[in-house]
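Dock chain B with the ligands against chain A, hints included.
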Amino acid sequence: MEIIVPIKQVPDVALNIKVKDGAVVEEGLSYVISSWDETALEAALQITEDVGGEVTLLTIGPEKAAESLRKGLAMGAHKAIHVKYDDAKNTDSFAYAKILQKVLEGRKYDLILTGRQSQDTDAGLTAPMLAEFLSVPQVTNIIRFSDVSEQKITLYRKGDHATEVLEMELPGVVTVNDSLNDPRLASMRGIMMAKKKPLEEIELDTIGVTSEMIGSHGSMTEVLHYDKPESRKEGKSFEGDESDSVKKALALMVSESKFLA
Amino acid sequence: MSKILIIAEVKNGEIKKNTLELLSFAKSQGIESDAVLSGSGVARQANVLAGQGASTVYLADDESLEIYNTEQYTCLVTDALKQSGATQVWLSSSELGRDLTPRLAARHNVGALSDVTQLEVNGDDITAERPCMSTKVMQTCQFSKEGLRIISIRSGFFLAEQTSPVDANIVTLSIPEGHAKLKVKEVQVEVSDEVELNEASIIISAGRGTGGTEGCDFVKPLATELGAAFGASRAVCDAGWLPHKHQVGQTGTMVNPDFYFALGISGAIQHLAGMSGSKVIVAVNKDPDAPIFKVADYGIVGDLFKAVPVFREEIGKIKS
Ligand SMILES: Cc1cc2nc3c(=O)[nH]c(=O)nc-3n(C[C@H](O)[C@H](O)[C@H](O)COP(=O)(O)OP(=O)(O)OC[C@H]3O[C@@H](n4cnc5c(N)ncnc54)[C@H](O)[C@@H]3O)c2cc1C
Ligand SMILES: Nc1ncnc2c1ncn2[C@@H]1O[C@H](COP(=O)(O)O)[C@@H](O)[C@H]1O
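Taken in order, these protein sequences are the chains called A and B.
Position 230 of the first sequence, counting from 1, maps to 230 under this note's numbering, and the rest follow consecutively.
Position in the second sequence (from 1) plus 261 gives the number in this note's numbering.
Keep in mind that a hint or two might mislead.
Derived pair list, reagent style DSS-like, types lysine-lysine, alpha-carbon separation capped at 30 Å [to be verified]:
#1 A/236 / B/580
#2 A/247 / B/540
#3 A/247 / B/580
#4 A/196 / A/79
Since the hints were made in silico from the structure, they are not lab data.
Isolated chain A (complex conformation):
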């Protein structure tokens, strides 16, 4: 089983994120693998441990994205592909999906496994777009899988009103909900071994990606500016005896906020 896991290196959203003059402040950001992609990687590792095969990480990103590939290799991925790319600021999911298509055309893969959305954009667009460009089926937002073989896989998709159990013939694209698993930590041995694993570097022009396809030329949407969300107005706090607190809070909820009106 050949599994490709596209991963995106993104700012760690658990840390404080500052915005200034309509842009996210670079300083102080720390970069990590998007957490949903880590869940996808963990699933891919479990599958190859079960039925054999290899997991290939794939990222389109700047020099420093190689750190995330090394981390994924340390977790257990077998090899990695780094597509060198520097224009992240002006690139939307559509353009990334087109570049991913170029990278994957002519390569053998059975399964493409990714996060349901990337932690920086929260867009959730790239993977289904890629599936369409590659003319393969997609199943998004899975919370479980079973019956994996070289030919097919059973996927449990969390839909709006039900869990949909689907059987997909491979190759195909699957995106994961984070509740699928808890990604493993890299071991010391994993970190040592990662240094020796193959990391292929690809320049865009060698795979037929033209300047028309990248950055704002290749993107269909653009971000005009970033802002902090409107902060909520200062709330009221109640301490001490719970019974008193609840009664006071409820009285205000009714008078100020029309609770139960």
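Same frame as chain A, now just chain B with the ligands:
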């Protein structure tokens, strides 16, 4: 001329609120809209869509459409687009919308704006606001090329007007094939009479502070008595105290009710991302430094096991 094609969603035979919101919003912008109505046994609902403002309803009523699937829906919408001449497609950012939006966009070789919470519409010039980075940042975006506009919109941000059904102008779509390589084996529907999270005006949510299944059972009557939906943090669902459909948050259900009660929930960013749009937030937590208090309008520092019975009793008094 701009025209919007709205993808209708149905649950238990009825048009969902998110669809009514989209139609109302389109109408308020003075732009003509058509709708795609797809499912099994849904034909009757065409009149509801027409009442809400849809000029033409493109109907696909077939057993094979009982459950959403990517390929058939992509084909249906593509067919409806051709016939209607719409220049925009609006979807809700439900799981259906999240799956369909990018596939449809790619089939038409255009981009998409997903999970939008605010829209400014000037014909086909669109400026959208959407949360990103776990709702720590908002981005304002637009389409940068000509072409079809495909947008998915989060529910609860626009008001659905109250309307009555009128006779719909219906165009029947032919039923496309599903994807040959993907088949539905089973659908696990959890039947319940509980209020749905994204339809509720009050939500009572239990966190790890409830301590277990018994703690959740202790909290639940408050929801029942208020006619509220019962939510939970991921910690509660992962521990198996409540099924996953109760999960509120970035990877559970995104909610914005009138009143949200967080009981024993710390307020991790992924939880906040899913509920900080609530109009009024009430929090009960033992820890005065819990991040949930940063977004709470009414923050009660204390034990939820002491607070919940008082809420029940006092609410009972107010109601009677
Ligand atoms: C990719 C990703 C996606 C995620 N998506 C989601 C999501 O969609 N939804 C979600 O909820 N989480 C999500 N999480 C998990 C999130 O980070 C938190 O772990 C989770 O929300 C914590 O749940 P909690 O607040 O119930 O538990 P805790 O953080 O353990 O908080 C329990 C709180 O209860 C309080 N408490 C304890 N006893 C009492 C008492 N007797 N009375 C009052 N207060 C009490 C404590 O002071 C504490 O603040 C996600 C995480 C990741 C990495
Ligand atoms: N630059 C990239 N390199 C590799 N994978 C990517 C890239 N951008 C997006 N993806 C993949 O697509 C997913 C969804 O991205 P998005 O559409 O931005 O939410 C991510 O979680 C990744 O798996």
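Outcome of the hint check:
no.	hint	in the structure
1	A/236 / B/580	24 Å, holds
2	A/247 / B/540	20 Å, holds
3	A/247 / B/580	14 Å, holds
4	A/196 / A/79	10 Å, holds
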